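The residues making up each chain are set out below.
Number of protein chains: 2
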Amino acid sequence: MWNRSILRGSALCGAIALAACSPRGEQAPAAGAPAASPAGNGSVASLMRARKLAEPDVTAALKTYTPTGVHDEYLMFASGGHSGQVLVVGLPSMRILKVIAVFTPEPWQGYGYGDQTNAVLASGNRDGQELSWADTHHPALSEMAGDYDGKFLFIGDKANARLAVIDLHDFVTKQIVVSNLIESDHGAAFVTPNTEYVIEPTQYPAPLGGGFAPIEEYDEKYRGAVLFWKFDRSKGRLDPAASFAIEVPPYMQDLADAGKLVSDGFAFVNSFNTERSYGGTLEGRPPLESGASQNDTDYLHVIDWRKAEAAVAAGKAETIRDMKVLRLPVAVAEGILHFIPEPKSPHGVDVTPDGKDIVVSGKLDTHATIYSFEKVKALIDQKKYVGTDPYGVPILPFEEAIRAQVEIGLGPLHTQYDDQGNAYTSLFLESKVAKWNVAEARVIEKIPAHYNVGHIAAAEGDTVSPDGRFLVMINKWAIDRFSGVGPLLPQNMQLVDLTSSPMQLLYDMPVPIGEPHYAQIIKADKLAPIEVYTPVGTDPITNAKAADAVEASQERIERRPDGVHVYMTAVRSHFTPDIVRVKEGEKVHLHLTNVEQAKDATHGFAIGSHNVNVSIEPGEHADIEFVAQRSGVFPMYCTEFCSALHLEMAGYLLVEPK
Amino acid sequence: MWNRSILRGSALCGAIALAACSPRGEQAPAAGAPAASPAGNGSVASLMRARKLAEPDVTAALKTYTPTGVHDEYLMFASGGHSGQVLVVGLPSMRILKVIAVFTPEPWQGYGYGDQTNAVLASGNRDGQELSWADTHHPALSEMAGDYDGKFLFIGDKANARLAVIDLHDFVTKQIVVSNLIESDHGAAFVTPNTEYVIEPTQYPAPLGGGFAPIEEYDEKYRGAVLFWKFDRSKGRLDPAASFAIEVPPYMQDLADAGKLVSDGFAFVNSFNTERSYGGTLEGRPPLESGASQNDTDYLHVIDWRKAEAAVAAGKAETIRDMKVLRLPVAVAEGILHFIPEPKSPHGVDVTPDGKDIVVSGKLDTHATIYSFEKVKALIDQKKYVGTDPYGVPILPFEEAIRAQVEIGLGPLHTQYDDQGNAYTSLFLESKVAKWNVAEARVIEKIPAHYNVGHIAAAEGDTVSPDGRFLVMINKWAIDRFSGVGPLLPQNMQLVDLTSSPMQLLYDMPVPIGEPHYAQIIKADKLAPIEVYTPVGTDPITNAKAADAVEASQERIERRPDGVHVYMTAVRSHFTPDIVRVKEGEKVHLHLTNVEQAKDATHGFAIGSHNVNVSIEPGEHADIEFVAQRSGVFPMYCTEFCSALHLEMAGYLLVEPK
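Chains G and B, in that order, are what the protein sequence lines are.
Per my numbering, the first sequence runs over residues 362 to 1019.
Per my numbering, the second sequence runs over residues 362 to 1019.
Derived from the structure by calculation, the hints contain no laboratory data.
Nothing here was measured: the structure is a model prediction, and the numbers come from that model.
You may find that some hints are simply not true.
Repeated chains share a single entry, so a pair holds when one copy, or any two copies, can fit it.
Heads up, simulated EDC-like pairs for lysine to aspartate or glutamate below, C-alpha to C-alpha not over 16 Å straight-line [as the list claims (entries may be wrong)]: (1) LYS685 to ASP508; (2) LYS582 to GLU670; (3) LYS944 to ASP593; (4) LYS535 to ASP600; (5) LYS736 to ASP580; (6) LYS884 to ASP508; (7) LYS677 to ASP841.
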């Protein structure tokens, strides 16, 4: 890296005092003297000395600093890792703008503390098991014609094989789907170029549809699958009934990517552990980490999803746990599934913006391998196989499928693209990102990461037209980068300027909640979220006026056979009603509408000792059902600092003894 | 604000190209030409033009930008509001370094997904009601001699009247205490100068000890209380048995502060709603917001806690729901409690660093009112009362208790201090912070906030020796400050440089998770968190070696009458055992030790479809108990990207049918 000492105390630096830049054209003050600028003291030079900033630090600061009221140019949607949530980060400032509650209850958003969001979460339970967390991995923005359209975001849960749909019109999670066909995923979600499907491949094989099988029958009874979830754009929901899966052998499938432009209609999924090792460290077998690393190559799965779609339509699928499944023999017979050898233990499989090439990086191989879609397609059409795998899947010849291999370094993992024909591949073991020219298959330069970079995300980097502006390195170890915060450290996202030559490291961003496995970056002006809910009384999950929406002056308390119905409104700074009188043991149905329409006029509503808290944005309606189990006096209040008299936005739930 | 246009395209700016600062002393390039600096392109001037930065933006950028690997100077501990957590933010970079799980389950930290942390959370349940969230309000760093010592952090839960203890040796929540004496708090936590006690006053009155009383008997049966939780520093725990409370009238008590130096031994608590209004918007009564705003003054509560401590020791307390309570007549008779009128609807009560003055701001009054402790103490000693309140509490004369009132602006709320004898008071309605001289009782200047500033936090601002470097404005509305992220907006913390004149706004930080009600800022070098747990097998809650800690080579599976005990270790990149075979319905006790001692070598451990996830930092031990309820094959894996072969750090839970 650069030498930090070069500028310390240098008299030359005095000449760049900021006052030199004033419209009045005064002379710059002497070295070290603060500039007489009206707002802010200190020249650039004196600030550099005071804070020990080197030249690149100054340019990095000016490339990232985003003044008050100025909006970020890009939004990055990053997985929140095992927090179960999604992070929204502004670029270039690298500030976290929102943590969207997805799979894990989150009380600020009232997510999981009221009826509407409880129902969303409950739809993600598996076989009656309540799940209150997830290991979110790959966020995928919805696309039209291969470009992010800013409408929806999908994200998968590796731990429990689930997918969530977030509507970017209000940044709220609308749907969680679970397929009991599989037990885990990894590379979810990936979308096809018009978001026809969201792709979810399994990670760890298990008997399809659940159920027990001895591990010793792994080869025979364990399987993977690649799920294609149909997306209904008009409803903003995944449609399980129109979705299907393709059975694959019990390798560990990993990341995926959809073909685009010339390769549209295909999906590419890589795999590791074609050795079919399954551990057994206390049973005399090697751990997976060595058992799964014996072969020199694994298999790139090439899937013709249009053919698969046609086969399903032709009734060739078998239904397992409500999912239509094209079994392996069908997938082979229909020409839906082909394999190509790929370098040892690959992680990323990334189609180039023009759709012509597919780049695979094997973590235990030092190359990026460039497959040519044209060659692959020709081999498939010619049925030119070098054999089949133990499950009968035809294998295409590696040498004839690739265009080139590029020696890029140690532990290559994931590739992104810019608008100049360059690729960027993370090198986990080398803790660097390599920039290389795709056409020339030639490395241009590398930039260090701190440390152990996993995935990387380039601005619009998964589209047909990447922007080439920024790259974010998602580093897995931070070690010494930040002040100590105990043994559990943040991870480190690093922002890189791709427009400078060499690439310039701009910013270190600690990640304070979960491991952000992967991210996508979209131009901010592609998003047009709403500011308030209209009409007043909107249920954010259905995006329609709620059945029990309450209008001002229509507030009331009704006793019905199913319990006490409280129709309540919130407005700065009171609830109506603010006194709710019930009897011990009664069921309470609270129907609460924020009748405000001013931007940012959010109210909260909490009841002490009842585990109730909802966030009601302007115009939003929420329902809350609970049983008044204990007699007593329980304060209810607005949990937002909504006005000067917000403390007075309160009342009581009075529960009279039976 | 400044005029952004003054520098755009100005030829003068070319003269400040960064290359002028190179050690080689070359001439600066012509205006607009990028500097030929080796890392990073662009001169200051060209970057200013390109990004439309004004002069103050440049100084602000250079005052806050923290280069890669450089640590922040201060750490701010901010409440996470209704997220239930605590945010750790570095200054001046304003990056969130960690979200500490406190009252709400958080899977990244495994908090609430394993036995140890489940027990911490369960200790915060109220009367059998599980509580999975909190409205965290006031973080308080532990103190010695009135100065932050960097050892512990306390934070209260307004919604459920609870307190948590976070140990800063590992940034982990160790204890949650609940007193069933009260139903809500607000101004918690505040500590006495040697952390003898943590102060928790109620917010909304209720019958002491819980139970029902009609709201119409509010005056007679509803009460507040001020709790003094004894802190046992050697154990790092609050000691309920050694704690006590003082009963106070059913006003709404609010913030508190402990006296220091000359005023040590006293506590000051303010109040609003001395009108004893209790709403009833659907019952023909006014809402609290108007009912509680009738009187011109409320009561500052002056508490002699050393006298209270003595009265408790003398057996004058009554025990209610396990809490020793000094009832009102005792508190009055013993000279423990006095009132002084204070301006309408006050929020902050803030003792000056020298302990001589107490500053109160009333939100519906335009003044900061400066009470003199010397005068107050003399009035108490002379028993110079102007009367008593309806509950017999003696009232000291307002005019004789104050030293001055300063006209500071609209909606004054909370006051912090610097090292130059200045106070800073937030003005919620005016959206500004006023800087004023305490001795001279004179306003110096104001700085705008964006928008509606609530609390403010100055560097070491609640101690006997504030640093006077930075101030953070915790603004409640962001409105237009950030890119749209749906109707629920982030809030905006703004960093202010107190060393410049006038004060300079440095940075806007969106708050992505919960409303950070209040914060404290400590010099980073006062903290010395551990990097790994030693010895290997440490239980982070007890901070001692766990009974079931597992050593490498001692891994085993034992079947006992109470279930299957699995003694497992984690090390890059495998678990031993990695295959766990149980029968459907069996109880599983998993004992898991991360046997690594390398900094940052954290592993996670998840079991699919079982809602199990723990985070095990180097040397940490965790226990996980669950019932294998459904037969099947469930992947187990490490949820951290711990090595290049982290995907292979996996195994299976095999549940055979009965």
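Verification of the hints:
Proximity of LYS685 to ASP508 under the C-alpha cut-off of 16 Å is found in neither arrangement, the shortest distances being 29 Å within a copy and 66 Å between copies. In the homo-oligomer, the alpha carbons of LYS582 and GLU670 never lie at most 16 Å apart, since the shortest distance is 25 Å inside one protomer and 70 Å across protomers. Proximity of LYS944 and ASP593 under a CA criterion of 16 Å is satisfied in neither setting, with 45 Å inside one chain copy and 41 Å between copies. When the C-alpha separation of LYS535 and ASP600 is checked against a cutoff of 16 Å, the pair qualifies only within one copy, where the shortest distance is 13 Å, while the shortest distance between copies is 45 Å.
Taking the closest pair of Cα atoms, LYS736 and ASP580 never come within 16 Å of each other, the shortest separation being 31 Å inside a single copy and 85 Å across copies. For a Cα distance limit of 16 Å, the shortest separation of LYS884 from ASP508 inside one copy, 11 Å, qualifies, whereas the shortest one across copies, 47 Å, does not. Taking the shortest alpha-carbon separations for LYS677 and ASP841, neither the intra-copy value of 56 Å nor the inter-copy value of 54 Å comes in at or below 16 Å.
In summary, the structure is inconsistent with hints 1, 2, 3, 5, 7 from the numbered list given earlier, while agreeing with the others.
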